[in-house]
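Take the sequences, apply the hints, and build the full model.
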Amino acid sequence: MCAPWLKRLRAAPANKRNWIFPIASSKMSVELENAPPKELGDQHLRWMMQQMLSARVFSQRVFNLQRQGRAGTNAPVDGSEALLAGTSLALDPTTDWILPQYRELVGLERFGPDVLNRYVLYVLGHPDGGHIPEPTRVWPPQISLATQVPHAVGLAWGMKLQGQKGCVLVYLGDGSSSEGDFYEACNFAGVLDAPVIIVVVNNGWAISTPVSSQTRAKNFAEKSHAFGIPGVSVDGTDPVAVFEATAEARSRAVAGAGPTLIEAVTYRLGPHTTADDPTRYVPEAELAAASERDGISVFRNELIERGVWTDEDEAATLAEADARMEAAVQSGEAHPVAPDDFFNHVYVEPTPRMQRQRTEFWADREARS
Amino acid sequence: MCAPWLKRLRAAPANKRNWIFPIASSKMSVELENAPPKELGDQHLRWMMQQMLSARVFSQRVFNLQRQGRAGTNAPVDGSEALLAGTSLALDPTTDWILPQYRELVGLERFGPDVLNRYVLYVLGHPDGGHIPEPTRVWPPQISLATQVPHAVGLAWGMKLQGQKGCVLVYLGDGSSSEGDFYEACNFAGVLDAPVIIVVVNNGWAISTPVSSQTRAKNFAEKSHAFGIPGVSVDGTDPVAVFEATAEARSRAVAGAGPTLIEAVTYRLGPHTTADDPTRYVPEAELAAASERDGISVFRNELIERGVWTDEDEAATLAEADARMEAAVQSGEAHPVAPDDFFNHVYVEPTPRMQRQRTEFWADREARS
Amino acid sequence: MSSSQPAGSQVMTMLDAINHTLHQEMERDERVVLFGEDVGRNGGVFRATEGLFDRFGEQRVVDTPLAEAAIAGTAVGLAAAGMVPVPEIQFLGFSYQAFHQIAGQIARLRYRTRSRFGAPITIRAPFGGGVRTPELHSDSLEGQFANIPGLKIVMPASAADAKGLLATAIRDPDPVLFLEPLRGYRMIKDEVPLGEHLVPFGQARTVVSDPEQNDVVIIAWSFMVEMSRRAAQQLRQEGVRAKVIDLRTLVPLDTEAIQAAVEECGRVVVVQEAPETNGFASEVIATINDIAFYSLEAPVKRVSGYDAPYPVGMLEDYYVPDVHRIVAAVKETVAAQ
Amino acid sequence: MSSSQPAGSQVMTMLDAINHTLHQEMERDERVVLFGEDVGRNGGVFRATEGLFDRFGEQRVVDTPLAEAAIAGTAVGLAAAGMVPVPEIQFLGFSYQAFHQIAGQIARLRYRTRSRFGAPITIRAPFGGGVRTPELHSDSLEGQFANIPGLKIVMPASAADAKGLLATAIRDPDPVLFLEPLRGYRMIKDEVPLGEHLVPFGQARTVVSDPEQNDVVIIAWSFMVEMSRRAAQQLRQEGVRAKVIDLRTLVPLDTEAIQAAVEECGRVVVVQEAPETNGFASEVIATINDIAFYSLEAPVKRVSGYDAPYPVGMLEDYYVPDVHRIVAAVKETVAAQ
Ligand SMILES: Cc1ncc(C[n+]2csc(CCOP(=O)(O)OP(=O)(O)O)c2C)c(N)n1
Ligand SMILES: Cc1ncc(C[n+]2csc(CCOP(=O)(O)OP(=O)(O)O)c2C)c(N)n1
Ligand SMILES: [Mg+2]
Ligand SMILES: [Mg+2]
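Chains as they are written, first to last, in our numbering: chain S, 111 to 479; chain F, 111 to 479; chain V, 32 to 368; chain U, 32 to 368.
What the simulated footprint calls covered on chain F by chain S, stretch by stretch (three residues with Cβ under 8 Å from a Cβ of chain S suffice, anywhere in the stretch; the number is not a length):
1. 279-291
2. 297-303
3. 320-331
4. 334-344
Keep in mind the hints are simulated off the structure, nothing from the lab. Don't be surprised by glycine CBs; every beta carbon is placed ideally from N, CA and C.
What follows is the structure, encoded as structure tokens:
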């Protein structure tokens, strides 16, 4: 079980918290610079709180869409919101890239509104769900686990070859870290000195498989030894710890010092997906303990205590997120799709055979009506 | 370049050499117990010397067979003979298994004469080269790199499930360690507590690719951290160091304490295979330095100095190996093969379609004559 | 078989039939070991392995790390150790991660070692469309595997066959790819014998046939058999007598049944869910060309998925062959020339 | 193209043509980056990339770690970064290790992202028998790839085509599997244009044809074109006029050329090195069934490798289709009925 690690790691970062700055105004909707902050100010703390709350709202509303029969299988992010806020704040959305697994698209608003909009299309089963338009530097969900890690390394390698500044951040799960692709890609990253940050989101579970059945490694940061690259394990429910680790990794990457492996320890507070029944395998006490340490409430309390978060802030954020989601769903459901759309984008030009098939397709549709 | 590691490691084990026992008789052809020795006596040192010399003879003669047009592409073992002597002496051929990559079959005589005989058939291009008959517990060469590592782990797992004593040892190269299969399998081994010893033979090269282009890991033993299993790096040109590391790993495995990763640092003293021209890429000075540290001459000198090896021993060993090889080649070349043999052993029973194909095959052969 | 085998039969879903068979085979032979992602405590993501963990324990029903190549690769070693491995690949699309172990190792273990080691391995994997799964969960890859000598490919279309073919697969000394249609798991339901029930490989099943004379034969496998059966029903109402043949196993292939049906009907429709180009339907057509060319009265008609990757949820009903397309193809074939 | 392109042509081996083309394409477009196992300092295990490392430097000609999945997988990222990746898989048999990246990712990158990212990736890989290589070095896997939508499959049979098709592949915005016949590397030699030379995809090449009328058409690709050409020569001496068509690209497939040839000849032999069951010959036959059934005067004859894994050196000459088998198949086809 991963509970022991969790405890140790939750405890650790507390004394790192030299980031509490004088309390500023508490007005909402902070405008952030594109460049990641060098130091965290109140506005950043507030921004991260907003992000985390919104991500939870988005995640739960997407989940409910499936329950209402309006969307397909999807995987809630609940429990890992701090990770998304902390990592994305530490990146520059105009130069850096994010390659998600499949849970993270609800929490990357810093990279542009299309991330959420397109994710909604994705869960609606619309092919445009895979299309996150330029200039948003986020890739669509990846289902084939860990295959995105070599993609990220290749992208970082390509940026380096062309002397582009910036870096690439890729998420994968604790379970996905058992795939050969993860290891091969990390090893490539090391050899190529690729400006890439590989984030293992250790949420304790891979569907029903606990971390203890996934690996005997002491933690996932330890895996970095296999590649001769730096590795660090952070409390993934603490947005500040995540920000700091990511910021450091990013500095190294853009300075040409190569890749970093970050383990972010979180806990999956919900089911694996809408299709899963975690009561079959998640120990109740473990889940209860993790829920008590829910990053959102811990961080909220911290901010309230410091006087930078109020009930009004909370209500405003929730309302904003709800409205945002409503709009995304509305426009998503109105987004048109052509029945023969799957012939598009396979190649730049469909092959002659596909053209014949398309003709047959329409003849068949016609014959039905 | 791997030269620095080599130096460091070659230096290290010397002070471990508490294994020098009173000199016994120097007669040849020592009979060994099946059980691995608890301590190394003169007979073991002499046996290892014999093994190393024989392996070199076999390797070079097989190489020459290709040059004479009598055999196919093959990969000489030159430089890694000590590894084979040390590992195989530490195993029990009646309970343990060896899964080789493709170079090692010339040096596993302890497991039975069929290993060499069948390897000769293999390089002759005979299908029976893949068949090492019972009870010899050695697998045939593996060409698809690193795929043998999960096989070894599965075999060890199966032995454990059935309460069989013994363990499994698998070799793979430094290059092969970049394959996903290696990592996935080591991780499985850790989780399953499988009684397996995974030996990375770091001979400095994967064809033309030096270790420095293969990984940034400090050494290959470090990769064990990724799996939470013990890892050790030994001088693979020192049969005693190899024996000790393997014996320790074996004790752990058979005691139920799980897998061990051993890096054995050697140097590839010849070309990658008969098809390779290493002068295109191997730095002359590096090769010269490695040749000076050739495990065979170093060990021979040590044994001579200790008075347990003589010129007569040397000559007798070489003659014996030559004769042994001659016999293997003779019987190999006389080994019959049926032209339609490839229809056999695909399934227990050929499918009806294959039976039809076989009939057609013979009709076609007939039509030619 | 132990004499405690239950008698009689029972209507079950295909999923239940699979689960029931796994119970019986594990009971029968203690060398059988099940492993894969989430097959243990969770009973599999579709509950195909439900109850087995409790019944047979964590030594024989094993939740592995998430790594398909190692799942397939360790099966090789387990087999060599004398076990009967029944690994699960959670979705067939992820067998791509294990292709080098399945095609390069499992399929060749016996061949390479001249039968020193056999590979009595049954790889179970669900696949197939119509259930709105994410990418790579629905893809029909049987055509890609069919070109790999050394594998047997088994694709049941009924619950009874799921039992009979799975039991045969597990007892077969050669490696078997046992492919389970996602859409059939709960939708396909029929009478399953409760006792010993083995269906031999290489024997197609006639699903629908007119006792007198059929106008056309529809050849299908897996869930497309069900679609074809429905098409035949509809066609019957329109006066077309369509025979339906379920191939059951693609390798070995029942060429005799194909030949007999083509000779009887002279007109053929082959239905597959996979993309058209080089799906297994191509092999069926090539085989008909080889053995029954002179009986053909019209070109064989293929009904296939299109040459595009399996699409997202909103589009899949437009992509997967359905009754309408099969009926149209049959009519065209019957009307030809 | 730069005006410094050399004029004229030169007789070259296929290997030299490939090397020459890689030089020209890297010269032409600095986004082209070559990588794989031993492609750099060593110039490739067959010297296909000889001289490129010295000419273009270690940034553009890269010796990677030994991991095919990462070689294919990083190509995806490189493409997204705006490069034109030309990865090498040292032998096609080891593309199995990368199947999930090739079939599951490279082939679908454009589709999944709705053309936000294309995959202008050319995967080069040698394959094919007759040269006594170890296991998995000789296997013909084109049939397995042909069922994967999103890939183009290119299999040149002449040195000139190796140039023209490779140049087209590298410039093609879609992923191309460029398969090089080991046995042809040095054995195939012909006149190669030294300047700009592009051969379009989807256009078969007529290799041998009687100006008047052919009795039969032999359809082949890659090294089997050479075998078929020799067979046609021999057949001509025996009075049989065999047309030989080289498909050049399997996807896209030149169905028009196939149709025209079948209509002309009425009799067809398809030759492939791959195992019979569901090799690409099956698709050729299924296609002929679709588009030229009524022109067929006899069943199409398949000449294939057998349904066994590619065998060891002593047996491969018994396994790989040769002139004798092609000649016999043609005679049988011509004599049919
Ligand atoms: C290659 C591959 N194998 C199996 C699956 C099926 N699958 C989907 S999610 C999942 C568990 C993933 O766990 P983890 O990586 O920890 O991510 P998490 O869901 O916890 O975020 C599995 C096995 C898949 N999608 N891809
Ligand atoms: C999966 C796979 N990829 C590529 C090859 C081609 N190949 C054969 S040997 C070799 C290098 C192996 O290097 P290493 O593992 O260090 O072993 P060594 O030859 O040094 O003993 C390569 C790339 C192969 N046989 N299998
Ligand atoms: Mg997880
Ligand atoms: Mg090596």
